[in-house]
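> Those protein sequences? They're chains A and B, same order as listed. According to this note's numbering, the first sequence is numbered sequentially starting from 1. According to this note's numbering, the second sequence is numbered sequentially starting from 143.
Wrong hints could be hidden among the right ones.
Taking lysine-lysine and the BS3-like style, the derived pairs with C-alpha atoms no more than 25 Å apart in a straight line are [to be verified]:
no. : chain 1 : residue 1 : chain 2 : residue 2
1   : A       : LYS73     : A       : LYS51
2   : A       : LYS69     : B       : LYS164
3   : A       : LYS77     : B       : LYS164
4   : A       : LYS19     : A       : LYS77
5   : A       : LYS19     : A       : LYS56
6   : A       : LYS51     : A       : LYS77
7   : A       : LYS78     : B       : LYS186
Which stretches of chain B does chain A cover? Using the computed rule of at least three CB atoms under 8 Å from a CB of chain A, they are [stated by the list, open to error]:
no. : stretch
8   : 168 to 177
9   : 204 to 214
If you're looking for bench data, these hints aren't it; they were derived computationally from the structure. Backbone N, C-alpha and C fix where the C-beta goes; we use that ideal spot for every residue, glycine too.
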Amino acid sequence: MNDKTERVTIVLHSGDMDKVYSALIIGNGALAMGMEASIYFTFWGLQRLQKGGLEKGPLSSMHLLGLGKWMIKQRMKKANVASLERLMNDYRELGGKVIACEMTMEIMGIGRESMREEWIDEYGAVGTYIQEARGSAVTLFI
Amino acid sequence: MNEIRVDVRGETCPVPLVETRKALRGAEPGDVVEVTGSHPASMKEIPMAVEALRLELLSVSGTETDWVIRIRR
C-alpha cells in the first residue's frame, strides 16, 4: 500500500451490538473498496475485544432486558446477516487494523490475557488515534 | 489465466463486497473473478469497488436479485 491509499478511522466507544455491527460493516466496506481501515476500541467498545465478549453487547435501544436483542437476532438470522465473529475475521483478513485503548483496560481492570490478542495490532492511547486520524479521509465516532 | 468463481447468493451486506475483495486479492493479474449474487445493493456497489480498485469490469448481467458480475484483475 502506498501513502496515497485513503484511510477510514473509526472510534468504537459503544459496546452495543448494533453499533459494533456498524463499525465492522463500515470497516469491511472500506477495505473491500480499496481503502485502509483502523478501528480504535475504547470504553464499552473495548469490552467487545475480551474473550467471549464480541457478541455480548446489548441493543442500543429496545433491548428490553434481552428480549429485543433476541428478536433482532432472530430477524438477522432470517436475513442471513453475518455474525460479528465472521465480520471481525474478514476485517482482519483484509488487513483491517485493531487498536485497543490501554487507559480503558486500566480503568476496567482488564489484562491482556483476557483479550482476543490475535485480533489486536496495537495497544494505544489518544496519540495513536490522532496519528491514524490525521491522514484519514473518513473518521467516525460510534 | 484462471477463472475464479464466487457464489454469494443469499448473502447480505457486506458479505458480497467482502467476498469479492477476498477473491480479487487472491487472484493473479489477468485472472477473471466471476461473482454470482442476489443482494440488490451489491449489484451496483461491486462495480463501484472495481472502479475504486482500478480493475476492469467485464460485465454486469441479470436482475437485481439474480446477477452475475465479471471482473478482470
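> Which hint numbers doesn't this structure obey?
Hints 2, 8, 9 not satisfied by this model.
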